[in-house]
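S.K.: The primary structure of each chain is shown beneath.
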Amino acid sequence: MTGLANGPAPFPMTDSTVLKLTGLSKRFGSVVANDDVSLTLKKGEVLALLGENGAGKTTLMNMLFGHYLPDAGSVDVADEEGTLRALPLGHPQAALGAGVGMVHQHFTLAENLNALDNITLGSEPLFALKRDRAAARRKIEGIIERSGLNAPLNVPVGRLTVGERQRVEILKALYRDARILVLDEPTAVLTPQEADTLFENIQAMTQDGLSVIFISHKLREVLAFSDRIAVLRHGRKVGEMATSEADETSIARMMVGADTPKVARAELAPGKPVMQLAGISVAGRSKRDTLKDVDLTVNAHEILGVAGISGNGQGGLARVISGLVHPSAGRISIDDRPIAKLSPAAMVKAGIGRIPEDRHHEGIVGSMSVAENMVIERLDDPEVQRFGLLRHDEIRSHSEELAQEYDVRGPGVTASARLLSGGNIQKLILARVFERAPRLILANQPTRGLDMGAAAEVGRRLLEARERGAGVVLISEDLDEILGLADRIVVIRDGTLIEAATHDRETIGLMMAGETE
Amino acid sequence: MMDLLNILLSESFWAASLRIATPLIFGVLGALICERAGVLNLGIEGIFVVGAMCGWMAVWLGAGLWGGILVAACAGAFFGLLHAILTVPLGLSQHVSGLGITLFATSVSYFTYRTALPSVSSPPRIEPFQPLDLPILSDLPFLGPVLFQQTTLTWLALAFVALVWYVMNRTALGVALQAVGDNPNSVDAQGLSVYGLRIGAIVAGSALMALGGAFLTMSAFDAFFFGMVNGRGWVCIALVIFASWRPGKALFGALLFGAFDALQVRLQTEMGALVPGQVFLMAPYILSIIALVIAARSADYPRALLTPWFKGQR
Amino acid sequence: MIRIEPRAQTPRAFAVGIPVLSAIVALALAAIPLIFAGANPIVAYGEMFKGVFGSLFAFSEMLTRATPLMFTGLAAALAFRAKLWNIGAEGQLYLGAMAAVAIGSGVLDISGVVLLPLIIVCGAAAGAVGMAAPTYLKVRFGADEVVTTLLLNFIILIFLQMMLEGPLQDPMSLGWPQSAPVLDQGMLPPLMERMRVHSGLILALVLAGVAQFMLARSVWGFKLRAVGENVAAARHAGINVKRSLFGVAVISGGLAGLAGVSEVAGLKGYLTADLSPGFGYTGIVVAMLAGLSPVGVVVAALFIASVFVGADSMSRAMGVSSFLADLVVSMSLLCVLIGGFLAKYRIIRSNKAGATS
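Chains as they are written, first to last, in this note's numbering: chain A, 80 to 596; chain B, 263 to 576; chain C, 822 to 1178.
Hints are not guaranteed to be accurate.
As the list claims (entries may be wrong) - Pairs of lysine to any residue, SDA-like flavour, derived with a Cα cap of 20 Å:
| id | chain 1 | residue 1 | chain 2 | residue 2 |
| --- | --- | --- | --- | --- |
| 1 | B | Lys573 | A | Leu168 |
| 2 | B | Lys511 | A | Asn191 |
| 3 | B | Lys573 | A | Val110 |
Said to hold, decoys possible - Derived DEER-like restraints, expressed as beta-carbon distance ranges:
| id | chain 1 | residue 1 | chain 2 | residue 2 | range |
| --- | --- | --- | --- | --- | --- |
| 4 | A | Asp158 | B | Leu425 | 36 to 44 Å |
| 5 | B | Arg387 | C | Arg1167 | 49 to 57 Å |
| 6 | B | Pro380 | C | Pro827 | 44 to 52 Å |
| 7 | C | Arg1064 | A | Leu468 | 16 to 24 Å |
| 8 | A | Leu347 | C | Arg1167 | 50 to 58 Å |
| 9 | C | Arg1167 | A | Arg315 | 20 to 28 Å |
| 10 | A | Arg238 | B | Arg387 | 53 to 61 Å |
| 11 | A | Leu347 | C | Glu826 | 43 to 51 Å |
| 12 | A | Glu279 | B | Leu425 | 46 to 54 Å |
Stated by the list, open to error - On the chain C side, residues computed to face chain A include the following (Cβ under 8 Å):
| id | residue |
| --- | --- |
| 13 | Phe1043 |
| 14 | Glu1050 |
| 15 | Ala1053 |
| 16 | Ala1054 |
| 17 | Ala1058 |
The set of hints was computed from the structure by calculation and includes no laboratory data. Beta carbons: idealized from backbone N, C-alpha and C, even for Gly.
Next comes chain A alone, as it looks inside the complex:
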């Protein structure tokens, strides 16, 4: 009865409860991540845990898996006989032993080891003199055969594709005889088609008695593939229903607590070209940073959406436009003037505003003040400095105005930028970028990790810039975001760009997967 790993379960699907979370609460400092959340999961069931970013979905699952210690509440997991037993909290080992497997949104794989070692890691006695790799391999191959989750076992994981890595993650859980599988945003890195295959695999596995919780904020896949839906908002469970009784509008309202603000967009004809890339190639260290002979024109009054599966050259494109990397071939021109020496400073000077992908890592210097982060791109400006000395008072008052205008909320402009929430950090970056009225804006995953309100604000600002006459390059792995904002869509795949010439989700999905001529 250990689910898939040991062959089909004798009892196909029963109503027995396999997991019960009772009154779980967790706070981080002053932030309440989860407040008195209770959930149950039945055998063979697929439960979708739905909520906005920051609603507390991942925290809840991390408590189940023992990564976080709850401040209050308990977890009960059914043993092999189906009897619910209390799970010791805060011990991943105990969760694993009880048959709970988790696939994290950020993969927890050692890239220097192959899949076999990653899968068996932690399952063997550490101080044994020998390992039985042959037996391990047999068991894994058995699981692969039954589940269809194929991945090469002998290659270092660092060289596998994202899809393969995810399958290795699921294999890890199944190898440990997981009866309950938790998937944290499993489709974030997959094409729509890959995602469909994954859910088909999952549904096949539930036939064998596996129970699944998957975390998502995508309504479409939740409605299509789950049996039951639980919605979290601000750390509380605000609703639960059978999927058959759910519809998109009611769930969306439940997630946000109000109707989502629809962004209005004016119809505008594209203007003159703002930025042109001609024959740009970048020899990156990995596939995600590599570009091959890319031509691209971005016009004024236009948002160009760059769709694609993560790691197909988005990094390389962003790094070139940000001035962080020197292309091995090709030219970039802004307003028909070629940029001779590429550097971040030169790009800023040429009128490119850059919203980096990783706002904490590249966007701000966390330990410096909000005000200092506001002016970090314009240290040559006489408003900011005179004779090499900073004009502290001017910087401060100017930053206060900007913070007001862009609604950057936090403990004030002299406080460290790292004290701001993710949304406010993004607003700080928007303020810094838009203040200079850039000719071209590079927005790389600008809404990733933001709640709906903050994401809508980013979209509104980008549309505003478009109306003003700027060109926008919007790189996003969220196809819905691109479909909603972009005037024109290109697909990036394997370091090359293909004009989509359509807004059709299905067609673009196929292009992302490379299944076109």
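With chain A's structure known, arrange chains B and C on it following the hints.
M.R.: Chains B and C only, in chain A's frame:
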């Protein structure tokens, strides 16, 4: 030119190379274990000093040679544990903590030595490890003097190369150590303790480093001097990068360094009249820098090296 | 159950409180080796105190000892601010000292108005080169500067011995490896009559003030801080990271070089291979105790110098090894590190897992 060839073909040159390489083998292996688990241990220089002093003093106090080795290893493990506590659960700067351990371990050693032996002009001597004298093997031409007239500690070092290689590549523990140095979350997600693995690795690695120091006072020399470690620890830190964190290459790097050092001593006597001796003394350190520069670009650093990890924060 | 949580903001009092407390804890811990050595700690601390504050001369000796530590402490503090790990101040100190005797001991017999500034500039330049080289290896080849600067210390020390037995050797030294003395007009003037404390101290204090001002108020300091705190964001924002690193390397190396100038042209008058009892390494402790603040360096250097001078005098009086000072210094580094942890994180004790907060 003939002279150089003569040197390279002589038994004594290769025997000296292996002898000089021995403490470095211990040191590089120790540093390798720590760094494979994701923690840089700049305490190495001080741990060498502690190993040299404690090992020597234990023998001097009558603990016997193997007792001295045990004491040295324990002393190294103690300072390793200190570094481990500061850098693993507390997640403090591995650079600064390591330098602090080096300063602390060195001053503890010097203070203890001075306090135990307040006023001696020439340091007391012990009976060190003697060269092996194996019946037939030691009399073999060339191999005999080079391999089989080394002390037991040199053989211990070579045995540790094999042992570390085996553990790293063939056991579950080695897999877990490699994983924790690449992505601690991978280990945590599979229910193993990141802290336990890292602390264990640093303690074990530091004990090995201390054996490198003990070799100096218990095999290479027979007494303890201030400043006798003389940068050997830092050389090991460079060599471990050169060896790209592999035990076999670490042995090769240490032997290369030993051979170079042995060569410079011989060249110094040969050509002392032409070039100041210091040019040769500098050469091993310059070689280390060159090795580092060559290896650095392509070095496949353990990805989590220098990055602290906290439980429940990801 | 003990949990660790990051603090949102470090209380201001910690910035001063932690180093002070660390110093006190380190001194208190030193009682253990003192007892081990058979000395009464209270008496020993009394002797140490007398050895620093017992007379004007003792105090001036402490200031003399603090002077090079201020230079090397500043060198480490500025470099560490940019996360450039300059562990090579010891070697750079000797480069500065060699430059000082090379031009100051008779090659140029010119007026002191010209000679002294020239010695200072050349000494700083020599130290700067000593740090620019490993910085180049780091930027160009990715060679870790910790290892290269550490190894350079040994190389430079051997080079020094070569120079002292060769071109820099004093012909009057009867074969002793020491340099010719710096000309009288090239010496840093003393500050007090019959005392050894010299105007190198004034130079160090002025430079600490300038460094403090530049770090907080200048664009240069802004860039340096940004590079040190988050190099990816600094690069993305258009700051020339390489230029910033070279800039701070030159200044850091230069400051360490000045420590050598100050010892040779302020105190000893000539150069030997034992000029520095590890001032370069101790400078790292000074910088860490100072929380990498230039003004803090001045205070920390005074404390560390007091420990050394006091321990020397205690050692003479009571026969306890003066390595005690090194013990106190290294322990205060470890203590301040742990203190830094407490400043960043708070330790919360909850009696049971699952207790409601």
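S.K.: Could you work out which earlier hints the structure fails to respect and list their numbers in ascending sequence?
M.R.: Structure breaks no hint.
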